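Sequence order for the protein chains is B and S.
full-length UniProt numbering applies: residue 1 is where the first sequence begins, and numbers increase by one.
full-length UniProt numbering applies: residue 1 is where the second sequence begins, and numbers increase by one.
Hint data in this document are derived by calculation from the structure and do not stem from the laboratory.
Check the hints yourself; a few may be wrong.
[Stated by the list, open to error] Under the rule of at most 25 Å between Cα atoms (straight-line distance), these lysine to any residue pairs were calculated in the SDA-like manner:
| no. | chain 1 | residue 1 | chain 2 | residue 2 |
| --- | --- | --- | --- | --- |
| 1 | B | K249 | B | F11 |
| 2 | S | K346 | B | G223 |
| 3 | S | K22 | S | A420 |
| 4 | S | K346 | S | A420 |
| 5 | B | K393 | B | G311 |
| 6 | B | K249 | S | R196 |
| 7 | S | K249 | B | R196 |
| 8 | B | K249 | B | E444 |
| 9 | S | K356 | S | N338 |
| 10 | B | K249 | B | D19 |
| 11 | B | K346 | B | P316 |
| 12 | B | K22 | B | E444 |
| 13 | B | K249 | S | G240 |
| 14 | B | K346 | B | R317 |
| 15 | S | K249 | B | G240 |
[What the hints assert, rightly or not] Quick partial rundown of chain B residues pointing at chain S, CB under 10 Å, derived from the structure:
| no. | residue |
| --- | --- |
| 16 | Y54 |
| 17 | T149 |
| 18 | I150 |
| 19 | T156 |
| 20 | S201 |
| 21 | K208 |
| 22 | L214 |
| 23 | L224 |
| 24 | G233 |
| 25 | Q234 |
| 26 | G255 |
| 27 | P316 |
Small disclaimer: the values here were computed from a predicted structure and weren't measured.
Cβ atoms here follow ideal geometry from the backbone N, Cα and C, with glycine treated the same way.
Protein chains: 2
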Amino acid sequence: MTNTTRELANFIAELSYDDLPKEVISRCEDLFLDWLASALAGKDYAPIPLFERYAERMGPAEGGSEILTSRQRTSPYFAAFVNAAASHVVEQDDLHNSSVLHPATVVFPAALATAQAEGRSGRDLILAVVAGYEAGIRIGECLGRSHYTIFHTTGTVGTLAAAVAVGKLLQFSSDDFVHALGSAGTQAAGLWEFLRDGADSKQLHTAKAAADGLLAAYMTADGLTGAQRIFDGQQGMAAGMSSDADPGKLSDRLGTRWALTETSFKFHASCRHTHPAADALQQLMNEQGLNYDDIDGVVTYVHQAAIDVLGAVVEPRTVHQAKFSMGTVLGLIAVHGNAGLEEFQKYALQDPEVAKFRSRVSMRLDQEVNEAYPIKWFGKVEVTTHSGKGFHKLVRDPKGDPENSLTRSEIESKFERLVAFSGALTREETRQLINSAWQLHDAERVGYLLSAKRN
Amino acid sequence: MTNTTRELANFIAELSYDDLPKEVISRCEDLFLDWLASALAGKDYAPIPLFERYAERMGPAEGGSEILTSRQRTSPYFAAFVNAAASHVVEQDDLHNSSVLHPATVVFPAALATAQAEGRSGRDLILAVVAGYEAGIRIGECLGRSHYTIFHTTGTVGTLAAAVAVGKLLQFSSDDFVHALGSAGTQAAGLWEFLRDGADSKQLHTAKAAADGLLAAYMTADGLTGAQRIFDGQQGMAAGMSSDADPGKLSDRLGTRWALTETSFKFHASCRHTHPAADALQQLMNEQGLNYDDIDGVVTYVHQAAIDVLGAVVEPRTVHQAKFSMGTVLGLIAVHGNAGLEEFQKYALQDPEVAKFRSRVSMRLDQEVNEAYPIKWFGKVEVTTHSGKGFHKLVRDPKGDPENSLTRSEIESKFERLVAFSGALTREETRQLINSAWQLHDAERVGYLLSAKRN
Numbered sequence: 001m002t003n004t005t006r007e008l009a010n011f012i013a014e015l016s017y018d019d020l021p022k023e024v025i026s027r028c029e030d031l032f033l034d035w036l037a038s039a040l041a042g043k044d045y046a047p048i049p050l051f052e053r054y055a056e057r058m059g060p061a062e063g064g065s066e067i068l069t070s071r072q073r074t075s076p077y078f079a080a081f082v083n084a085a086a087s088h089v090v091e092q093d094d095l096h097n098s099s100v101l102h103p104a105t106v107v108f109p110a111a112l113a114t115a116q117a118e119g120r121s122g123r124d125l126i127l128a129v130v131a132g133y134e135a136g137i138r139i140g141e142c143l144g145r146s147h148y149t150i151f152h153t154t155g156t157v158g159t160l161a162a163a164v165a166v167g168k169l170l171q172f173s174s175d176d177f178v179h180a181l182g183s184a185g186t187q188a189a190g191l192w193e194f195l196r197d198g199a200d201s202k203q204l205h206t207a208k209a210a211a212d213g214l215l216a217a218y219m220t221a222d223g224l225t226g227a228q229r230i231f232d233g234q235q236g237m238a239a240g241m242s243s244d245a246d247p248g249k250l251s252d253r254l255g256t257r258w259a260l261t262e263t264s265f266k267f268h269a270s271c272r273h274t275h276p277a278a279d280a281l282q283q284l285m286n287e288q289g290l291n292y293d294d295i296d297g298v299v300t301y302v303h304q305a306a307i308d309v310l311g312a313v314v315e316p317r318t319v320h321q322a323k324f325s326m327g328t329v330l331g332l333i334a335v336h337g338n339a340g341l342e343e344f345q346k347y348a349l350q351d352p353e354v355a356k357f358r359s360r361v362s363m364r365l366d367q368e369v370n371e372a373y374p375i376k377w378f379g380k381v382e383v384t385t386h387s388g389k390g391f392h393k394l395v396r397d398p399k400g401d402p403e404n405s406l407t408r409s410e411i412e413s414k415f416e417r418l419v420a421f422s423g424a425l426t427r428e429e430t431r432q433l434i435n436s437a438w439q440l441h442d443a444e445r446v447g448y449l450l451s452a453k454r455n
Numbered sequence: 001m002t003n004t005t006r007e008l009a010n011f012i013a014e015l016s017y018d019d020l021p022k023e024v025i026s027r028c029e030d031l032f033l034d035w036l037a038s039a040l041a042g043k044d045y046a047p048i049p050l051f052e053r054y055a056e057r058m059g060p061a062e063g064g065s066e067i068l069t070s071r072q073r074t075s076p077y078f079a080a081f082v083n084a085a086a087s088h089v090v091e092q093d094d095l096h097n098s099s100v101l102h103p104a105t106v107v108f109p110a111a112l113a114t115a116q117a118e119g120r121s122g123r124d125l126i127l128a129v130v131a132g133y134e135a136g137i138r139i140g141e142c143l144g145r146s147h148y149t150i151f152h153t154t155g156t157v158g159t160l161a162a163a164v165a166v167g168k169l170l171q172f173s174s175d176d177f178v179h180a181l182g183s184a185g186t187q188a189a190g191l192w193e194f195l196r197d198g199a200d201s202k203q204l205h206t207a208k209a210a211a212d213g214l215l216a217a218y219m220t221a222d223g224l225t226g227a228q229r230i231f232d233g234q235q236g237m238a239a240g241m242s243s244d245a246d247p248g249k250l251s252d253r254l255g256t257r258w259a260l261t262e263t264s265f266k267f268h269a270s271c272r273h274t275h276p277a278a279d280a281l282q283q284l285m286n287e288q289g290l291n292y293d294d295i296d297g298v299v300t301y302v303h304q305a306a307i308d309v310l311g312a313v314v315e316p317r318t319v320h321q322a323k324f325s326m327g328t329v330l331g332l333i334a335v336h337g338n339a340g341l342e343e344f345q346k347y348a349l350q351d352p353e354v355a356k357f358r359s360r361v362s363m364r365l366d367q368e369v370n371e372a373y374p375i376k377w378f379g380k381v382e383v384t385t386h387s388g389k390g391f392h393k394l395v396r397d398p399k400g401d402p403e404n405s406l407t408r409s410e411i412e413s414k415f416e417r418l419v420a421f422s423g424a425l426t427r428e429e430t431r432q433l434i435n436s437a438w439q440l441h442d443a444e445r446v447g448y449l450l451s452a453k454r455n
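With the rest of the complex left out, here is chain B (with noise of 0.2 Å):
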């Protein structure tokens, strides 16, 4: 049997800052910037304070790393903790398609932490962000469809992706990214049951996979111990929370296929799952000139994970739970014409109008939109008028894909947009994380980037 893991450890061992295309150095400054709009607008957004409450009581009320909502420090590992949590309470952070993981919201925790800990480099940043991505991607992918049915993959394969960025800024040799790997993959967890309650557990799974990947790295750099086919052995994670993996995705393509590349950026503050949906009926009411109140039914043609997802939510009473709601979405999107993070907060429970348009759309589960998925996210929506006329859309690079993706700019409004919703920052410093990010590959250290006394 061909060890996957050790080839995968190998190469994350070897990869140097050298051996990076220049389009995965710049599109890693993009995920940070858009990964920082994410951690900052979840300041004072509900649950995120109990999380910063929880740090200041169990951790030290100094240290090297830094809580960007707070702007305290604390230990790398609360700093990771908090963070993780805050980056993904609204929804915004990116996803990988095939392998449903959300890298940037445990990946950047955790190695920033790290690397402001330790006295780091841009360059060592980014090289670890993207060692991260690629081995987190890629276990994602061996655990298979089969394991996102019950488990949060960004909760579980991100303790994985976690440990390996640490590791990188801590100089793993390959040996150490097996010991890591076992560490971090049998601390592994995090269920969807959560999603039935509009329950806090999604920002908690964040929060612990970004710690617990980091206190796997730096206890491994002390000499712990761990398994050494935590994938593919007997009791490893394929036997238990899987029942389609395939450990040849651990090595695919390891050194040309760069999956940093392949993730989507966030344009609606919702599941991924609803995007699709929402560009297709955004699309077809604009192409169709339809209003809101033309629309007497709309059914969504979805892949299976969708309805896995997204089924556990009837009537949403939460804002959270709402982001996980069909109907709400595109409610939002038909009625308010976007569905960003304030037409969530002003319209997603309180709108009798968007409420109505909810009870209007259904799921259902289609061929083609299943067969293309995961790869693929494709968009199909049905809409009926009240006039009885139909018409159908379907979209095959939702906006914000790899196909689709966002430019500078745009990704410098997402970052303006989040962090003006939550006050997190002023506008001078709004510019000056604009401009560090861009010149992250520069940074002699990483530095802190608002607790500023001691940068």
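Start from chain B and add chain S according to the hints.
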């Protein structure tokens, strides 16, 4: 569908100290001293210093809770983390048969750290520990035998047991407990794969279970919400991590059955799956007057879980791995008359006679033994001598099982032996801690056990 999660939550919320039968209180004190023995025996034992170092690096240097091995103060999270790792490393902590859960090593660290930080009494601690045991054991039984084939139940279920114990100290309502179980269950992790390599994950599992359970409870106290049906929900623990779960077990005879009194004390310093056969061999050799060099072969007739866990170890490379080698344990019993901490340290890897004996031991699945498991752990061996004779022995209640338990004086001796092994205590401290345990029900404050300054 009956909601047995709610029944369990109601029971633990309403449970008061006055509800506890005398023998439960007294057994809880037995278990406390037995747990302290294991925790202190872990001092300086690899990989425990790595956990101490991690707590120093990531946690606060001051705090309300005590790390027993290093006598340092820190926050409850890191005290629970280190003490739980330490109390599982010498493989002498208690075990509950039918749930295959080691409750003490996850419940006591979380409860002690919280009781110290919150200034609670001995009775509060006892009540919290009982709640943790009653819930944890039933949850382990609920997840069934299939769970244990891949997952280390003490790591997974231990997270929930710890959360319940801490929640009881934080005076949770039934609703609070349901949320805390949700937040703990969605963090539950721990795979057996590490065993194949003799890696350090077993202690990582208990450390994380105790600390993450504590996290779930403290964050619930602040308002974090969790899944309402973490066990039997469509995307909950049973769906993802078991194929024979029985949610009815969660509420099994609440208030009349005291599961805490059903745990087994460990006599031999090895995996509990080796104990029944070790007892059977020891008794057979005594009864027949056999010497180890009379013996040509030993067949141990075992339950399937013994093969799942011990089968991974063929030739042990570390002392800890040797504790999971049936042949090594029986070799120590046969050649040295005992399989205690001292014998493992001196002979498990070095003694050629033990190695020779190991090669003569095999395991075979046995229907009678397998059917009795996990309620009863039978020891059944067949010994063949060089002179061609054959002997059988069946032990129904191995030493330490509830039907063949340890007296207080035997528990004291075990405590003295274990703390002498690591040199964790002076003689005076040894005496003091024994007295503290027997007086626990009278202590107005649990206080600090070793870092006495601010007692």
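Checked hints:
1. Under the criterion of a C-alpha separation no larger than 25 Å, the hint pairing B:K249 with B:F11 is consistent with the structure, at around 14 Å.
2. Proposed proximity of S:K346 and B:G223 is supported: the alpha carbons are some 24 Å apart, at most 25 Å.
3. This hinted pair does not check out: S:K22 and S:A420 have alpha carbons roughly 31 Å apart, beyond 25 Å.
4. The hinted pair formed by S:K346 and S:A420 meets the criterion: a straight-line CA distance of about 15 Å does not exceed 25 Å.
5. For the suggested pair B:K393 and B:G311, the alpha carbons sit about 22 Å apart, so the restraint of at most 25 Å is met.
6. For a cut-off of 25 Å, the pair hint linking B:K249 to S:R196 stands: about 23 Å separates their Cα positions.
7. Proposed proximity of S:K249 and B:R196 is supported: the alpha carbons are some 23 Å apart, at most 25 Å.
8. A C-alpha spacing of about 35 Å is found between B:K249 and B:E444, which places the hinted pair above 25 Å, so the restraint is violated.
9. Restraint check: the Cα-Cα separation between S:K356 and S:N338 comes to about 17 Å, which is no more than 25 Å; the hinted pair holds.
10. Restraint check: the Cα-Cα separation between B:K249 and B:D19 comes to about 21 Å, which is no more than 25 Å; the hinted pair holds.
11. A threshold of 25 Å between alpha carbons decides the hint, and for B:K346 with B:P316 the separation of about 14 Å falls inside it, so the pair holds.
12. Taken as a hint, the B:K22 and B:E444 pair is honoured in the structure, with Cα atoms around 19 Å apart against an allowance of 25 Å.
13. This hinted pair checks out: B:K249 and S:G240 have alpha carbons roughly 22 Å apart, not beyond 25 Å.
14. Our distance criterion of 25 Å between C-alpha atoms is met by B:K346 and B:R317, whose separation comes to about 14 Å.
15. Straight-line distance between C-alpha atoms of S:K249 and B:G240 comes to about 22 Å, which keeps the hinted pair within the 25 Å bound.
16. Taken as an interface hint, B:Y54 checks out: its beta carbon lies about 6 Å from the nearest beta carbon of chain S, inside 10 Å.
17. With a least beta-carbon distance of about 8 Å to chain S, the hint placing B:T149 at the interface is held under the 10 Å criterion.
18. Interface hint at B:I150: satisfied, since its Cβ lies 4 Å from the closest Cβ of chain S, which is below the 10 Å cut-off.
19. At about 8 Å, the closest approach between the beta carbon of B:T156 and any beta carbon in chain S falls short of 10 Å, and the interface hint on this residue holds.
20. Among the interface hints, the one on B:S201 holds; its C-beta lies about 5 Å from the nearest C-beta in chain S, closer than the 10 Å criterion.
21. Interface restraint check: B:K208 against chain S, minimum CB-CB distance 6 Å, threshold 10 Å, status holds.
22. Because the beta carbon of B:L214 sits about 9 Å from the nearest beta carbon in chain S, less than 10 Å, this interface hint is met.
23. Because the closest C-beta pair between B:L224 and chain S is about 5 Å apart, less than 10 Å, the hint holds.
24. At about 4 Å, the closest approach between the beta carbon of B:G233 and any beta carbon in chain S falls short of 10 Å, and the interface hint on this residue holds.
25. Nearest Cβ of chain S to the Cβ of B:Q234: about 7 Å, under the 10 Å cut. The hint holds.
26. Residue-level restraint check for B:G255 is violated (minimum Cβ-Cβ distance to chain S is 28 Å; threshold 10 Å).
27. About 14 Å separates the beta-carbon of B:P316 from the nearest beta-carbon of chain S, more than 10 Å, and the hint is not met.
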